[in-house]
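**Q** Work out the full structure: start from the sequences and follow the hints.
As a plain string of letters, each chain reads:
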Amino acid sequence: MQWEVVIGLEIHTQLATQSKIFSGSATTFGSEPNTQASLVDLGMPGVLPVLNQEAVRMAVMFGLAIDAEIGQHNVFARKNYFYPDLPKGYQISQMELPIVGKGYLDIPLEDGTIKRVGVTRAHLEEDAGKSLHEEFNGASGIDLNRAGTPLLEIVSEPDMRSAKEAVAYVKTIHALVRYLGICDGNMAEGSLRCDCNVSVRPKGQAEYGTRCEIKNVNSFRFIEKAINTEVRRQIELIEDGGKVIQQTRLYDPNKDETRAMRSKEEANDYRYFPDPDLLPVVIEDSFLNDVRATLPELPPQKRERFQAQFGLSVYDASVLASSREQADYFEKVVSIAGDAKLAANWVMVELGSLLNKQGLEIDEAPVSAEQLGGMLLRIKDNTISGKIAKTVFEAMASGEGSADDIIEKRGLKQVTDSGAISAVLDEMLAANAEQVEQYRAADEAKRGKMFGFFVGQAMKASKGKANPQQVNELLKSKLEG
Amino acid sequence: MHQMTLAEIARGLADKKFSSEELTQTLLARIAALDPKVNSFISLTEELALGQAKAADARRANGENGALLGAPIGHKDLFCTQGIRTSCGSKMLDNFKAPYDATVVAKLAEAGAVTLGKTNMDEFAMGSANESSYYGAVKNPWNLEHVPGGSSGGSAAAVAARFLPAATATDTGGSIRQPAAFTNLTGLKPTYGRVSRWGMIAYASSLDQGGPLARTAEDCAILLQGMAGFDTKDSTSIDEPVPDYSASLNTSLKGLRIGVPKEYFSAGLDPRIAELVHNSIKELEKLGAVIKEISLPNNQHAIAAYYVIAPAEASSNLSRFDGVRFGYRCEDPKDLTDLYKRSRGEGFGVEVQRRIMVGAYALSAGYYDAYYLKAQKIRRLIKNDFMAAFNEVDVIIGPTTPNPAWKIGAKTGDPIAEYLEDLYTITANLAGLPGLSMPAGFVDGLPVGVQLLAPYFQEGRLLNVAHQYQLNTDWHTRTPTGF
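Heads up: the protein sequence lines correspond to chains A and B, in order.
In terms of my numbering, the first sequence opens at residue 3 and continues consecutively.
In terms of my numbering, the second sequence opens at residue 732 and continues consecutively.
No lab work stands behind these hints: they were computed from the structure.
Certain hints may be false.
[To be verified] Below 30 Å or equal to it, Euclidean Cα-Cα: the simulated DSS-like pairs (lysine-lysine) are:
| no. | chain 1 | residue 1 | chain 2 | residue 2 |
| --- | --- | --- | --- | --- |
| 1 | A | K81 | B | K1114 |
| 2 | B | K1114 | A | K217 |
| 3 | A | K217 | A | K227 |
| 4 | A | K205 | A | K117 |
| 5 | B | K985 | A | K104 |
| 6 | A | K132 | B | K985 |
| 7 | B | K985 | B | K1114 |
| 8 | B | K964 | B | K1108 |
| 9 | A | K467 | A | K392 |
| 10 | A | K451 | A | K411 |
| 11 | A | K132 | B | K964 |
| 12 | A | K415 | A | K480 |
| 13 | A | K389 | A | K465 |
| 14 | B | K964 | A | K81 |
| 15 | A | K81 | B | K822 |
| 16 | A | K166 | A | K227 |
| 17 | B | K1105 | A | K104 |
| 18 | A | K117 | A | K104 |
| 19 | A | K132 | B | K1072 |
| 20 | B | K1142 | B | K1072 |
| 21 | A | K81 | B | K1142 |
| 22 | B | K822 | A | K132 |
| 23 | A | K81 | B | K1072 |
| 24 | A | K359 | A | K467 |
| 25 | A | K81 | B | K985 |
**A** Quick look at the structure:
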């Protein structure tokens, strides 16, 4: 049987506010346990929450960026459950009237197409603290530094049909929230966490299969693996005559399997009700307009502009636009070098792999946009070949200065004097007389293959500095001759 | 000295007839001698009081003045007081020393009030008789076999017994006004949002409101002046200027339109109380007020709505008492569930547990619409009734309670009977309106109160009417025998 995979995601993004959503405590990551927990965060008797306006502003920014309806009348609700890292015994969240209503995101897929994914809603809530189970001789510790950190929970429609699409969606959200400056996107620190709702159904069936929710998957790679693993589990289960039970599961990356946490029957009744300590938040049009005015150019617009302005492919444009820093870097390189395709290629391929290898973000790149742009100028004016450029690029990456300095110091300037190239070629051909004989005796197809050998020898003899185009032309005439 | 009102104390201190320290010592001695009979205090704060009294005397010596400077008061034991046990009348918080001051406590301290102690109360403010306190029942100074009302029974009994001229209290369904009626005091529940709830341990957040308990309207005006005001730490507090409550006390009642809801005088009301209410209405008429019959048709649904909303909020508010961070923790918990179950099972009393269960039930999936949402709709209807009524009248008058104070233990085991006693007071909380109870006579030697209700932020009007009434009657000056 052909199966169709249906995926919906809930993404928790920690908003990058200075202070918590309902108290004045700082939100810095990694402080000593409980040093950022105030009376409010501790849930002391008699304390009251006061909403942080900045969190509202950030949520509205997100809503406007996904073209969503913004809830004019917002209500905070209490989600009641007991857990040691939940000091009040309830989490302040939003239930019936969330701040962000229906919207959508266009996600670029690897095949160059764009897919529209619906966002059901996004609501504000406070994060819980952390339970620490190590280092306490069998007891558990509680760190409430994170308690009260503002979260925007973004709930998608079940619109994704593969793990790859799910990852593309998360990447799009990740890029967007960083563009907006509302979340640092640091998944390792838990700034962006993902719950994946996964179900399968026979292809063509209209109704959804029973879903399972995989909780807290915190990297792009694990999202893909967890979903694929869960899909396999569900299909095997059904094909063996079993039934999927609605439950919450955890992904274990070490064993590459998902495990049941709790089933629907055991699920908490959260007894949601409007929090009487907080008044409804009314969002005025003037506030919306103010926030709208602060929105930066967003990935989809930027992608479209890159396509139109620079003639890039959808894929290249969306990769370059995927982070604000990368897009800025790219545009700076273009502004210096004037060749968008060349710039795109270098930023995505050479710079990309360098950053990957060194585990750096683009704003930490060892080669600045100015340096790269300067080097591309030298490719364009034939001072260096593309091949030599890689040497120059490596030298720039290890801190040897500008491209011009490196070319000068290392004598990497391309040889374009045809007399000089001709002399090198003659010497090389003389040294390879046997191969020249074979070449001249060979048919067209064979010659094609052998020609590459002579080019390689010629470049080697010139230490890569000979202009490849001239080498090609001169070599051809000499061999024919 | 213990017979003086706040206003008289302020004059005496200003005229240097006595010092705050002398007064404080006198009252502390009186409490030590007599409170064992009444049980109105959970904690006495002698050291704090004497320090504050000396500081107030020094401020006065420096030329400072102020109606509360050096005035002795008590705080209901749900207002957090830094470094001092704040028990909420519960075993759960018997070991809890608050790490901060409630806004009300801080404001009154700033004004120079002297805190003699923390007063007894129904556990977590749940009760109308002050019998549910972990620290034992409070007795009514007017008859020690009777209840003083609740939940602010300790504050009321302490003021009635002349241990204090005034005390802070809170009112969620009548917890200021009903004990005021039962102990011959004047008590005011302000408009919801008038007094900050920061540091006031919550029972039902949308209904709780702090206010003054004192012998006279004049004193309530003084104490409220020190308590009221916008607080950025309480999102439900309202940014509305606080008028000078003492300045409007002497406004004439000529032409004041007073509404009498016909629904208030149906079966269930002790006819002797009905008669006293009518007497007070006649008195106000003599002062120039115009009396008009009005209707509050949804009044009858108030108790049902209240006993869904208040427990629902309470069930959530009291979740933080889990034995993890503060308060009572059971011995040797086996695991987390055991810790929760036993800490809460052993730390909370019967009435608190009952309301938590009722509230959790009302909020649970499948019942929410039928109970909580329905109750909220009734709440809106009740509010609408009042809005319509206040188009026609300036003030509404009626009985504070259907019966006088009952005997201690008389309603034990019959919570519904106790709930029904809140019939007249609950609507003001549901609608968020200000309400005042003032002494209006006696039945079988037990005090009876009359309740006045006014539109939002018309506390000044209520105090004005009560003060004019008190200038022409002497019920409020009566002292219980033995005190």
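**Q** If a hint holds in the structure, say so; if it doesn't, say that too.
**A** Tested hints:
1. Pair hint K81 (chain A) plus K1114 (chain B) holds up; C-alpha atoms about 28 Å apart against a cutoff of 30 Å.
2. As the CA atoms of K1114 (chain B) and K217 (chain A) are separated by approximately 44 Å, the hinted pair breaks the 30 Å bound.
3. Taken as a hint, the K217 (chain A) and K227 (chain A) pair is honoured in the structure, with Cα atoms around 13 Å apart against an allowance of 30 Å.
4. Restraint check: the Cα-Cα separation between K205 (chain A) and K117 (chain A) comes to about 19 Å, which is no more than 30 Å; the hinted pair holds.
5. Note on K985 (chain B) and K104 (chain A): the hinted pairing is violated, with a Cα-Cα distance of about 58 Å set against a maximum of 30 Å.
6. For a cut-off of 30 Å, the pair hint linking K132 (chain A) to K985 (chain B) is broken: about 64 Å separates their Cα positions.
7. The suggested pairing of K985 (chain B) with K1114 (chain B) holds, with an alpha-carbon distance near 27 Å, which does not exceed 30 Å.
8. Between K964 (chain B) and K1108 (chain B) the alpha-carbon distance is near 29 Å, which keeps this suggested pair within the 30 Å criterion.
9. The suggested pairing of K467 (chain A) with K392 (chain A) holds, with an alpha-carbon distance near 13 Å, which does not exceed 30 Å.
10. Annotation: proposed proximity of K451 (chain A) to K411 (chain A) is violated, straight-line Cα distance about 36 Å (limit 30 Å).
11. A threshold of 30 Å between alpha carbons decides the hint, and for K132 (chain A) with K964 (chain B) the separation of about 26 Å falls inside it, so the pair holds.
12. Restraint check: the Cα-Cα separation between K415 (chain A) and K480 (chain A) comes to about 24 Å, which is no more than 30 Å; the hinted pair holds.
13. Taking the CA atoms of K389 (chain A) and K465 (chain A), the gap is about 11 Å. The hint holds against a cut of 30 Å.
14. Proximity of K964 (chain B) to K81 (chain A) is assessed by CA-CA distance (about 22 Å); at most 30 Å being required, the pair is judged to hold.
15. The hinted pair formed by K81 (chain A) and K822 (chain B) meets the criterion: a straight-line CA distance of about 27 Å does not exceed 30 Å.
16. For the hint linking K166 (chain A) to K227 (chain A), the alpha-carbon distance of about 10 Å falls within 30 Å, and the restraint holds.
17. Proximity of K1105 (chain B) to K104 (chain A) is assessed by CA-CA distance (about 29 Å); at most 30 Å being required, the pair is judged to hold.
18. Distance restraint check for K117 (chain A) and K104 (chain A): the Cα-Cα separation of roughly 17 Å lies within the 30 Å cut-off, and the hinted pair is therefore satisfied.
19. As the CA atoms of K132 (chain A) and K1072 (chain B) are separated by approximately 22 Å, the hinted pair is consistent with the 30 Å bound.
20. For the hint linking K1142 (chain B) to K1072 (chain B), the alpha-carbon distance of about 28 Å falls within 30 Å, and the restraint holds.
21. Simply put, K81 (chain A) and K1142 (chain B) have alpha-carbon atoms about 35 Å apart, too far for the 30 Å limit, and the pair is violated.
22. Proposed proximity of K822 (chain B) and K132 (chain A) is supported: the alpha carbons are some 29 Å apart, at most 30 Å.
23. Annotation: proposed proximity of K81 (chain A) to K1072 (chain B) holds, straight-line Cα distance about 20 Å (limit 30 Å).
24. With a CA separation close to 28 Å, the supplied pair K359 (chain A) and K467 (chain A) stays within the 30 Å bound.
25. At roughly 52 Å between alpha-carbon atoms, K81 (chain A) and K985 (chain B) are farther apart than 30 Å, so this suggested pair is violated.
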